[in-house]
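Use these hints to put chain B onto chain A, whose structure you have.
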Amino acid sequence: DQQVKQNSPSLSVQEGRISILNCDYTNSMFDYFLWYKKYPAEGPTFLISISSIKDKNEDGRFTVFLNKSAKHLSLHIVPSQPGDSAVYFCAASARETSGSRLTFGEGTQLTVNP
Amino acid sequence: DSGVTQTPKHLITATGQRVTLRCSPRSGDLSVYWYQQSLDQGLQFLIQYYNGEERAKGNILERFSAQQFPDLHSELNLSSLELGDSALYFCASSVVTGSEQFFGPGTRLTVL
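Protein sequence lines, in the order shown, are assigned to chains A and B. Residues in the first sequence are numbered consecutively from 1, following the working numbering. Residues in the second sequence are numbered consecutively from 1, following the working numbering.
Only chain B is shown next, with the shape it has when bound in the complex:
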């Protein structure tokens, strides 16, 4: 158990819909990262927050957005969902930027 929690574990929705994925980092960790793992793309970095502020952006679509709240939990919002958005979404956290990242169990999103 890494100490990073993600909800929900599974999510099934339809094209065009909007969903929110939630992540609670390990106690004391200020950085939160979001990654997407799809069959054809492997694990891809989406976005990082540090203590409430966006720190880095990767291959994140404009339809996706994220935020980190004062209690340090983070949410990833996915809108206008397409079939290709079906993937595993992982959250990770670290104490500081540049240290090892600890991953949550992931949310499996299926878009029908």
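Excised from the complex, chain A in its bound form:
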């Protein structure tokens, strides 16, 4: 049972343009969502998070949008840079009921072309 899904295994964008990575979830108890970036041979790096009481959170070039009714979140990167090329993981937790365990999506490989 895949509770967090990233339906696009890969995404390719031009430098300077917007990258939009999508994530869907099925567990309505999830109340905290995170995005991580991962380079090969390294651990996931925390990017940005959002609580279920918000619908948007912004940090520099990164913005996460949460649509609770659709059980959907997205990560926008503007402007995209070649150094952003990595695998991006969406993760979720149900802090009230399941503590802090993170449930991860399968990841999306982002390639930013110069």
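Careful, some of the hints might be misleading.
Straight-line distance between alpha carbons at most 30 Å, and here's what the computed BS3-like set of lysine-lysine pairs gives [stated by the list, open to error]:
{"id": "1", "chain 1": "A", "residue 1": "Lys54", "chain 2": "A", "residue 2": "Lys68"}
{"id": "2", "chain 1": "B", "residue 1": "Lys57", "chain 2": "A", "residue 2": "Lys38"}
{"id": "3", "chain 1": "A", "residue 1": "Lys56", "chain 2": "A", "residue 2": "Lys38"}
{"id": "4", "chain 1": "A", "residue 1": "Lys56", "chain 2": "A", "residue 2": "Lys68"}
{"id": "5", "chain 1": "B", "residue 1": "Lys57", "chain 2": "A", "residue 2": "Lys71"}
{"id": "6", "chain 1": "A", "residue 1": "Lys54", "chain 2": "A", "residue 2": "Lys5"}
{"id": "7", "chain 1": "A", "residue 1": "Lys71", "chain 2": "A", "residue 2": "Lys5"}
{"id": "8", "chain 1": "B", "residue 1": "Lys57", "chain 2": "A", "residue 2": "Lys68"}
{"id": "9", "chain 1": "A", "residue 1": "Lys54", "chain 2": "B", "residue 2": "Lys57"}
{"id": "10", "chain 1": "B", "residue 1": "Lys9", "chain 2": "A", "residue 2": "Lys38"}
{"id": "11", "chain 1": "A", "residue 1": "Lys54", "chain 2": "A", "residue 2": "Lys38"}
{"id": "12", "chain 1": "B", "residue 1": "Lys57", "chain 2": "A", "residue 2": "Lys5"}
{"id": "13", "chain 1": "A", "residue 1": "Lys68", "chain 2": "A", "residue 2": "Lys38"}
Selected chain A positions facing chain B (in silico; Cβ < 8 Å) [claimed, not checked]:
{"id": "14", "residue": "Ile18"}
{"id": "15", "residue": "Tyr39"}
{"id": "16", "residue": "Glu42"}
{"id": "17", "residue": "Ser49"}
{"id": "18", "residue": "Arg61"}
{"id": "19", "residue": "Phe62"}
{"id": "20", "residue": "Phe65"}
{"id": "21", "residue": "Pro82"}
{"id": "22", "residue": "Ser85"}
{"id": "23", "residue": "Ser100"}
{"id": "24", "residue": "Leu102"}
{"id": "25", "residue": "Glu106"}
Computed far set for chain A versus chain B, every beta-carbon distance over 12 Å [said to hold, decoys possible]:
{"id": "26", "residue": "Pro44"}
{"id": "27", "residue": "Gly60"}
{"id": "28", "residue": "Thr63"}
{"id": "29", "residue": "Gly83"}
Read the hints as simulated data drawn from the structure, not as lab findings. For every residue, glycine included, the Cβ atom is placed at its ideal position computed from N, Cα and C.
Chain B in isolation, oriented as in the chain A frame:
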């Protein structure tokens, strides 16, 4: 650099053997988490410790065990290893339960 350290970086062993993976959390972090990333399963939560006590358990096999010591470092023990245990094992830490988790570089385990 997340501040979370893991040793060893690589581990190659044989089926039936036992290994210990070590993790030191970021300074000040009380929670430690273990995750397994295999090719067919993605990143899966194994177990969480908070200030020395087990807090949550995920898809952790009975052959696996973990503990967190008074200095807050943690060890993951894997025994009776099978070929399918080959994976990347990540440790993460957070200040408190429910906040963002910071991951170490991982230990790549290869079981031959």
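_Hint validation: Tyr39 of chain A versus chain B, beta carbon distance must be below 8 Å. Holds or violated?_
Since chain B brings no Cβ nearer than about 10 Å to Tyr39 of chain A, farther than 8 Å, the hint is violated.
*Is Lys54 of chain A within 30 Å of Lys57 of chain B, Cα to Cα?*
Judged against 30 Å, a Cα distance of about 28 Å means the pair holds.
*Quickly compare the C-alpha distance for Lys56 of chain A and Lys68 of chain A to 30 Å and report which way the hint goes.*
Roughly 11 Å separates the two Cα atoms, so the pair holds.
*Regarding the hint that Pro82 of chain A lies at the interface with chain B, is the smallest CB-CB distance below 8 Å?*
This hint is violated: Pro82 of chain A lies away from chain B, its Cβ roughly 21 Å from the closest one there, beyond 8 Å.
*Are the Cα atoms of Lys68 of chain A and Lys38 of chain A separated by 30 Å or less?*
26 Å, holds
*asked:* For a C-alpha distance cap of 30 Å, please report whether Lys54 of chain A and Lys5 of chain A respect it.
replied: 21 Å, holds
*asked:* Please check whether Ile18 of chain A passes as an interface residue: C-beta within 8 Å of a C-beta belonging to chain B.
replied: Ile18 of chain A check fails; min Cβ-Cβ to chain B is 24 Å, beyond 8 Å.
*asked:* The hint names Glu106 of chain A as touching chain B; please verify it with the least Cβ-Cβ distance against 8 Å.
replied: Hint on Glu106 of chain A: holds, closest Cβ of chain B at ~5 Å, below 8 Å.
*Distance restraint between Lys54 of chain A and Lys68 of chain A, which requires alpha-carbon spacing of 30 Å or less*: 9 Å, holds
*For the pair we were handed, Lys54 of chain A and Lys38 of chain A, check the Cα-Cα distance against 30 Å.*
Status holds; Cα separation ~25 Å.
*With 12 Å as the threshold, tell me whether Gly60 of chain A passes as away from chain B on beta-carbon distances.*
The claim holds: Gly60 of chain A sits with its nearest Cβ about 16 Å from chain B, beyond 12 Å.
*For the pair supplied as a hint, Lys56 of chain A and Lys38 of chain A, is the alpha-carbon distance within the 30 Å limit?*
23 Å, holds
The structure fails hints 14, 15, 18, 19, 20, 21, 22 and 26 (numbered hints given earlier, in ascending order).
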